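Chains as they are written, first to last, in this note's numbering: chain A, 122 to 411; chain B, 8 to 557; chain C, 49 to 447.
What the hints contain is simulated information worked out from the structure, not anything from laboratory work.
For clarity, every value in this text was computed on a predicted model and none was experimentally measured.
All C-beta atoms, glycine included, are put in the ideal place defined by N, C-alpha and C.
There's no promise every hint is true.
[Unchecked claim] What follows is a set of in silico ranges between Cβ atoms, one per label pair, in the way DEER data are often shown: (1) B:Glu-34 - A:Gly-170: 23 to 29 Å; (2) A:Asn-158 - C:Asp-390: 47 to 53 Å; (3) A:Gly-170 - B:Gly-207: 45 to 51 Å; (4) C:Gln-349 - A:Ser-263: 37 to 43 Å; (5) B:Gly-207 - A:Trp-297: 36 to 42 Å; (6) A:Ala-236 - C:Thr-405: 49 to 55 Å; (7) A:Glu-227 - C:Asp-228: 49 to 55 Å; (8) A:Glu-227 - C:Gly-435: 55 to 61 Å.
[As the list claims (entries may be wrong)] Simulated pairs of lysine-lysine, DSBU-like, Cα-Cα distance not exceeding 35 Å: (9) B:Lys-152 - C:Lys-104; (10) C:Lys-290 - C:Lys-336; (11) A:Lys-251 - C:Lys-344; (12) C:Lys-392 - B:Lys-152.
[Claimed, not checked] A few chain A residues that don't get close to chain C, going by computed Cβ distances all over 10 Å: (13) Glu-188; (14) Leu-233; (15) Thr-287.
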Amino acid sequence: MQSRQEYYVPHGSYWPIMGSIGMFSLLGGFASSLHGNTIGTVAMILGFGVIIFMVFGWIGQVIHESEEGDYNLQVDNSFRMGMGWFIFSEVMFFAAFFGALFYARELSVPWLGGAGNNAFTNAVLWPDFKSVWPLLNMPDNSNFSVPKGIIHAWEIPAINTLVLLTSGATLTWAHWALMNKNRNQLIAGLALTIMLGIIFLGLQISEYFEAYQHLNLKLSSGIYGSTFFLLTGFHGLHVTLGTIMLTVILMRAIRGHFNKERHFGFEAVAWYWHFVDVVWLLLFIVVYWL
Amino acid sequence: MSTTTTDLQDEIDALGKSHDNHHHGPEKGVMRWIKTTNHKDIGTLYLWFAFIMLLTGGAMAMVIRAELFQPGLQLVEPQFFNQMTTLHGLIMVFGAIMPAFVGLANWQIPLMIGAKDMALPRMNNWSFWILPFAGAMLLSTLFMKGGGPAFGWTFYAPLSTTFAPDSTDFFIFAIHMLGFSSIMGAINVIATILNMRAPGMKLMDMPLFVWTWLITAFLLIAAMPVLAGAVTMMLTDRNFGTSFFDAAGGGDPVMFQHIFWFFGHPEVYIMILPAFGVVSQIIPTFARKPLFGYSSMVYATASIALLSFVVWAHHMFLTGMPVAGQMYFMYATIMISVPTGVKVFNWVTTMWRGSLSFETPMLWAVAFVILFTIGGFSGLMLGIAPADIQYHDTYFVVAHFHYVLVTGALFSIIAAVFYWLPKWCGRMYNQKLAKIHFWWAVISVNILFFPQHFLGLAGMPRRIPDYSLQFADFNMISSIGGFVFGASFLLLTYIIVDCIRNGERVKEPRVWPSAKGLEWTIPTPAPYHTFDKPPGKELILAESSHTGAH
Amino acid sequence: MLGIRISPFLSAKNTSLFNIVNSINNKYLNIIKYFLIPLLLSPQFLFAEYAINLPKGVTSVSRNIYGLHMTIFWVCVAIAILVFGVMIWSMIFHRKSRGAVASNFHESTAVELVWTLVPLAILIAIAFPATRVLIDLENTEKADMTVKITGYQWKWQYDYMDEGISFFSNLAQSSKDAIDNADNRNKLDHYLKEVDKRLVLPVGKRIRFLMTSNDVIHSWWVRDLGVKQDANPGFINDAWAKIDKPGVYRGQCAELCGKDHGFMPIVVEALPEADYQTWVGKQKAAQKAREAASGKQWSKQDLMAQGQKIYSSTCASCHGVTGQGIPGVFPAMVGSKIATGDLKKHINIVLNGKSGTAMQAFGKQLGDADLAAVITYERNAFGNNTGDVVQPSTIKSAR
Ligand code: HEA
Ligand code: HEA
Ligand code: CUA
Ligand SMILES: [Cu+2]
């Protein structure tokens, strides 16, 4: 592979406009389906299909160009920055939900219980309410599903922590193999990581099942359920995405794509995976443990 | 400096020639615009999109001003009035100002840092092409059952959750798309600036427009995802039974405001920092003097950006925050005046003992400095927490933010267009007409917004379709100013279209003889591909606006 | 469609200024005369008393705020004169056309330090009085009496916590009648700033206000009292005022709260202590009388008449005067499944509202007689000729 001297500026492409149309259809369809419009559901599924097609097509083209040697190190660097800052934006997205959890635990729930300058809030509006966390009894239970209990940290979540931490290690092991040009070990490392990802997701699903079926802990269980499911749910979504991306990387590794100097695709996904790991650690501490 | 001027001239000439040997020109027809990966094409698309949105949002403002022309309800129902206010704010912010700055960034950043294109050209195309779809989704809500969003551009819960029509979910996804586009755009700007600079260009050699955009891009990446989080919580509160913003479930409607303003305050600086950059380019050109205090400009911009993340609750002094919180947010807020003041003083000092001339871009830049400062002063007044009790949610606030947004952000965009348009299209606009337009706009905009200070102090709340008789006179004056200012945009449209189609040809690379910067070293009009070979170190230094090479 | 109105534009002669301009009455001048207003205005400033500034108000807090406001204002003016002065000076004297030659200076750490530190010092100087006022106005302890204020879409409820008095305060009918009618408007002294029932308060007493809301966020604002505080659903904020002077003080809701946010005025009537006590006595007597009314049987005619009154004051803001509602936001009463169907459901939704929507629980707001009347009205007006008659006793047992 010979890489170019000049910065590669790709020629015109249909992928972006396809992505926009897909996104429009997916989100517009979703919004209509929320209000019982079946055409909306169809549009949503179609849009999703278009996006999947676009993602694979676009990334496929990038891989192709990369394999053709169109990219020089400067292009590689742009990709790195792009991925890095994209992950930072994800950090900020999670920060909003962590912020909501913090606010609920430290401010709004205590206030409803009369803390700070809110003595009247409790005395006049919610005289029967006591501030505790996790919040199982809402100020007004009538519109919510009242949970019977919470998910304890030292059960499935602790196992999951172990699983994810291990997967971080196996991925690093794979990277290490890549640097040492040990392809079999690279493939094994990736496969192990993917497996651990799938185990994590399986356990997470069984935990949700437990919450909904046995604990009556739902999205609609007041602020505790809201923060719990949105934080862990978005994390789970990221693990899912990460697992899919790792699978693609595994395929590429099997085809012999990466080498010691040039393996941005691998690294990008590894960064992503570690980011998802770190988010989980935070989740484990503030959502399950404390 | 070792190289002589003639050497540099040779290099400049070479830049002019290098473009025509191996590149394709643009594709033909609409496909050119849909598929393009060229930063100039994409910049043009952004700018036209922003302009159309400006007219759309402006037309809504005209509806607002017409209804407020006199007391009573004449033209629209209150519910529709609220939709106009909301969409006016949203469209101006997300549809006009932000895309216009991204358009300027697309056109100018590669030219100013000597790069061949943006760092991630295909993604650049996607950032743009999300916008028309997001805009369409947002505007389509107007035609849905129950009407469009009517809860203000700040969409406070629970008015936007429990009490809003079904169309709100479309609004939520439109915001998601706009945010996604902005984040990708910002990533591209950062990657371009950090990775694509001509080899000899150090960060502290960069023109200020590039600097301000670099910092703005950081703000965007940090703030937009938080907005996405806020609308996501809205979505689940509305449809999936969560209770983030509902006290009955342990949430708090005020929490929405915290999350929103954690985005919202940086957002207003997102709309002003690139404006600072534009003005910092224009003033030295027409003062024929290097920019005063280049490095303090950079540090001031960075301080404003950092501070902007820790002052958000100055929009929330009346929400019942504990008094210690109010004190902290008051102190932090008024602190922003210091770095902003540094910038104002630097501009004024740049003009001091210069050799000033007042071509159209300079007129707009000077108007910017004066009127933005006025807006800044009212901002400072709003920042004093106890005084904000009387100002909050009145027309005093409306006056404040239109001074910083219209005579600030929008004026700087107009200034930028008049500054760089000849470079882009190789034609000069009708300068006489442009000056007439300037005076027309600058006078009418003050008739439009200055009386709103009085209205606010006299007690008129914002977001109302009807008011008591004591506010009649100033409202009428303001409306008249509004119509006159609105009509000035018809002239602006004419000037720009006329320039592009029949303007007098300009061949000089340096359209403004006193201008410095790499963008003035390439041929006019800017060729489709520029800087295939990056400019050399000497040229970069000679063109930097602040090293005293004038 | 889209909520466009058809009533004629430019119908009113509301103000003195308007009268002057309107005395020009020529087909062509009519068009340009509105552009003359800015010019006409300058003498107006000299003669007429235009409110262009905050009032000093009638509480210590509002006076402190006024003082603070004026201080910052003059500070800003001073800085503006300095900055713009320098700028305009160079714009005049350092013009190229005057032959000015540009100097080349572009840095001076000393100067930059000065203009960083001096503004900082000014800000610190402002922060001291601001902090003092802030701490004072947030201190709601040691109150003599407490009034709880609840915001509703779109009216205020006042509960005198110590007296047991409670009532709603709506936009006055006279103002409602003037929204579409310029002649009515010109007859009013306080268009949109008058209510059907004022908040009566004693002077010289330290009054604590507790603000909350039943639905969305509202904000209770009376400038002369120096009070503006958000009313958040589910939480209580407080504020206080000690009114110095008897008088009538007006304000309005200051947080966008939906369609009729602009039609949610506040009127405070401050009375000397003795007059206030008389008023309290009267209120208590009236409350007793109202309770008695729910016992008797009503004729359909009386119910319809009373029902129309209640409907237009309480329900029409959402469901429309003619019962047409706003599609997608507020359901129509005309042909409504509930208002023409099962009576029990109808009584239930009016009594208990529907949680998660704007439909409030009117059982807590209206007496049995009024509820019976308004339900009877809804079932027989707008072409909903069900013929049903609902008696207060039915409501009482449905509660
Ligand atoms: C471009 C946009 C922009 C900019 C730059 C600013 C700048 C500032 N804004 Fe503004 N603001 C808005 C857009 C903007 N704002 C919008 C849109 C809203 C309303 C949102 C809504 O509710 O819909 C708003 C509302 C708003 C509020 C809330 C008001 C309320 O709702 O009650 C406050 C309160 O503190 C505030 C403060 C400030 C301050 C202190 C600055 C400072 O940055 C200003 C600093 C500048 C100067 C002070 C002038 C120059 C300085 C000198 C010459 C130095 C010497 C001066 C001194 C030492 C005094 N703004
Ligand atoms: C970001 C930029 C921005 C810009 C550029 C503007 C521009 C203008 N704004 Fe904007 N405004 C906001 C941001 C902006 N605004 C925000 C954020 C709000 C708060 C919203 C909220 O409360 O939620 C607001 C609210 C707001 C209000 C308060 C509404 C209320 O509280 O009820 C008013 C009232 O006068 C107003 C007026 C105007 C006017 C007259 C212009 C003019 O400058 C517009 C001039 C431009 C034109 C007129 C375009 C020209 C159009 C044509 C040529 C087409 C045809 C023309 C005609 C039919 C005349 N705006
Ligand atoms: Cu109530 Cu606005
Ligand atoms: Cu702000």
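Now the hints, each set against the structure:
Evaluation of the 23 to 29 Å hint for Glu-34 of chain B and Gly-170 of chain A yields a pass: the beta carbon distance comes to about 28 Å. Between Asn-158 of chain A and Asp-390 of chain C, the C-beta spacing of about 29 Å breaks the proposed range 47 to 53 Å. For Gly-170 of chain A paired with Gly-207 of chain B, a C-beta distance near 48 Å keeps the hint of 45 to 51 Å intact. A hinted range of 37 to 43 Å for the beta carbons of Gln-349 of chain C and Ser-263 of chain A is consistent with their spacing of about 40 Å.
A hinted range of 36 to 42 Å for the beta carbons of Gly-207 of chain B and Trp-297 of chain A is consistent with their spacing of about 38 Å. About 31 Å separates the C-beta atoms of Ala-236 of chain A and Thr-405 of chain C, a value inconsistent with the hinted range of 49 to 55 Å. At roughly 50 Å, the beta-carbon separation of Glu-227 of chain A and Asp-228 of chain C lies within the given 49 to 55 Å, and the hint holds. Distance hint check for Glu-227 of chain A and Gly-435 of chain C: the Cβ-Cβ separation is about 58 Å, which falls inside the suggested range of 55 to 61 Å.
Restraint check for Lys-152 of chain B and Lys-104 of chain C: not satisfied, since their Cα atoms lie roughly 46 Å apart, outside the 35 Å limit. At most 35 Å may separate the alpha-carbon atoms for a hinted pair to count; Lys-290 of chain C and Lys-336 of chain C meet this at roughly 30 Å. Between Lys-251 of chain A and Lys-344 of chain C the alpha-carbon distance is near 44 Å, which puts this suggested pair outside the 35 Å criterion. Proposed proximity of Lys-392 of chain C and Lys-152 of chain B is supported: the alpha carbons are some 29 Å apart, at most 35 Å.
At the 10 Å boundary, the C-beta of Glu-188 of chain A stays outside the reach of chain C, the nearest C-beta of that chain being 50 Å off. Not every CB of chain C lies more than 10 Å from the CB of Leu-233 of chain A, the least distance being 7 Å, so the non-interface label is violated. The Cβ of Thr-287 of chain A lies farther than 10 Å from every Cβ of chain C, with a closest approach of about 44 Å, so its non-interface assignment holds.
Hint compliance for this structure: hints 2, 6, 9, 11, 14 are not met, and every other hint is.
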